[in-house]
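A.B. asks: The residues making up each chain are set out below.
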Amino acid sequence: GAGVSQSPSNKVTEKGKDVELRCDPISGHTALYWYRQSLGQGLEFLIYFQGNSAPDKSGLPSDRFSAERTGGSVSTLTIQRTQQEDSAVYLCASSGRGGSYEQYFGPGTRLTVT
Amino acid sequence: GQQVMQIPQYQHVQEGEDFTTYCNSSTTLSNIQWYKQRPGGHPVFLIQLVKSGEVKKQKRLTFQFGEAKKNSSLHITATQTTDVGTYFCAGRMARDSNYQLIWGAGTKLIIKP
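Protein chains in written order, with the numbering used here: chain A, 1 to 114; chain B, 1 to 113.
Hints listed in this document are in silico derivations from the structure and should not be mistaken for laboratory results.
Do not take every clue at face value.
[Unchecked claim] Derived DEER-like restraints, expressed as beta-carbon distance ranges:
1) A:P8 <-> B:R60: 48 to 56 Å
2) B:Q14 <-> A:K57: 24 to 32 Å
3) B:E17 <-> A:K15: 44 to 52 Å
4) A:A2 <-> B:E17: 19 to 27 Å
5) A:V74 <-> B:G16: 40 to 48 Å
6) B:Q14 <-> A:E14: 27 to 35 Å
7) A:G16 <-> B:V50: 44 to 52 Å
8) A:G16 <-> B:H12: 39 to 47 Å
[Said to hold, decoys possible] Distance condition first, Cα-Cα at most 30 Å in a straight line; then the derived DSS-like pairs of lysine-lysine:
9) B:K108 <-> B:K59
10) A:K57 <-> B:K59
11) B:K112 <-> B:K57
12) B:K112 <-> B:K36
13) B:K51 <-> B:K36
14) B:K59 <-> A:K11
15) A:K57 <-> B:K70
16) B:K56 <-> B:K108
17) A:K57 <-> A:K15
18) B:K112 <-> B:K59
19) B:K56 <-> A:K57
20) B:K112 <-> B:K51
21) A:K11 <-> B:K36
22) B:K56 <-> B:K70
23) A:K11 <-> A:K57
Think of the CB as a built atom: it goes at the ideal place given N, C-alpha and C, for glycine as much as any other residue.
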């Protein structure tokens, strides 16, 4: 079956511009996560959606970052007024439920802010 | 806040040598998962441990969950070039039924040429 997909795979943007990153989770998965990974570093948790519950936004680094999940499926991560320190790979993962189930990761979006 | 500490950050081994990475949590875990990320790739789920003292094997990989459910380890016997990558542990805190995973920083396995 189809896995988690993300688009675009690469995004180069100028400092100060807004970007939108998209994630299509595995069909039927109720949990969706966004992470950020800088080169050679670990995973930085950003936001977690679980079903119809209010999302856990505790990992968002600033108010320039926001995310939504429409219809319990597709999610969009938006970064406003991008900064050079936002350059990283943004990974999306989905799972059948919350922390008891393995997470399936998408290939990521590599964001470069020039 | 809750943390999962993972050591070492890097391990250089000769092909055929063993490799071990360790994770320690400040609080009791409900379960712990292990993932592998190949260079340039994304994390891929390896296994989940749930029971106190649990040991699971996958070919040359041995996973352990401590008796107190606060620590875990991954041991690879006789490493091969296909083992290269970064290994992450990720734990769920026992008191939170639906909480997201807390990730370790990862251990990078490097095979010496």
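A.B. asks: Taking the hints in turn, state whether each one holds.
C.D. replies: These are the hints, each one checked on the structure:
1. A:P8 <-> B:R60: 48 to 56 Å: violated (37 Å)
2. B:Q14 <-> A:K57: 24 to 32 Å: violated (45 Å)
3. B:E17 <-> A:K15: 44 to 52 Å: Given a distance of about 45 Å, which is inside 44 to 52 Å, the answer is holds.
4. A:A2 <-> B:E17: 19 to 27 Å: violated (39 Å)
5. A:V74 <-> B:G16: 40 to 48 Å: 46 Å Cβ-Cβ, so the 40 to 48 Å window holds.
6. B:Q14 <-> A:E14: 27 to 35 Å: violated (46 Å)
7. A:G16 <-> B:V50: 44 to 52 Å: Because 47 Å falls inside the window, the suggested range holds.
8. A:G16 <-> B:H12: 39 to 47 Å: holds (41 Å)
9. B:K108 <-> B:K59: Holds, at about 20 Å.
10. A:K57 <-> B:K59: Between A:K57 and B:K59 the Cα gap is close to 39 Å, so the pair fails against 30 Å, i.e. violated.
11. B:K112 <-> B:K57: holds (25 Å)
12. B:K112 <-> B:K36: holds (19 Å)
13. B:K51 <-> B:K36: holds (21 Å)
14. B:K59 <-> A:K11: Violated, because 39 Å separates the two Cα atoms, which is more than 30 Å.
15. A:K57 <-> B:K70: holds (26 Å)
16. B:K56 <-> B:K108: holds (21 Å)
17. A:K57 <-> A:K15: With Cα atoms ~24 Å apart, A:K57 and A:K15 stay inside 30 Å; holds.
18. B:K112 <-> B:K59: holds (22 Å)
19. B:K56 <-> A:K57: violated (34 Å)
20. B:K112 <-> B:K51: With Cα atoms ~35 Å apart, B:K112 and B:K51 exceed 30 Å; violated.
21. A:K11 <-> B:K36: holds (25 Å)
22. B:K56 <-> B:K70: holds (17 Å)
23. A:K11 <-> A:K57: Given pair A:K11, A:K57 holds - Cα atoms ~23 Å apart, limit 30 Å.
The structure fails to meet hints 1, 2, 4, 6, 10, 14, 19 and 20 from the earlier list, while all remaining hints are met.
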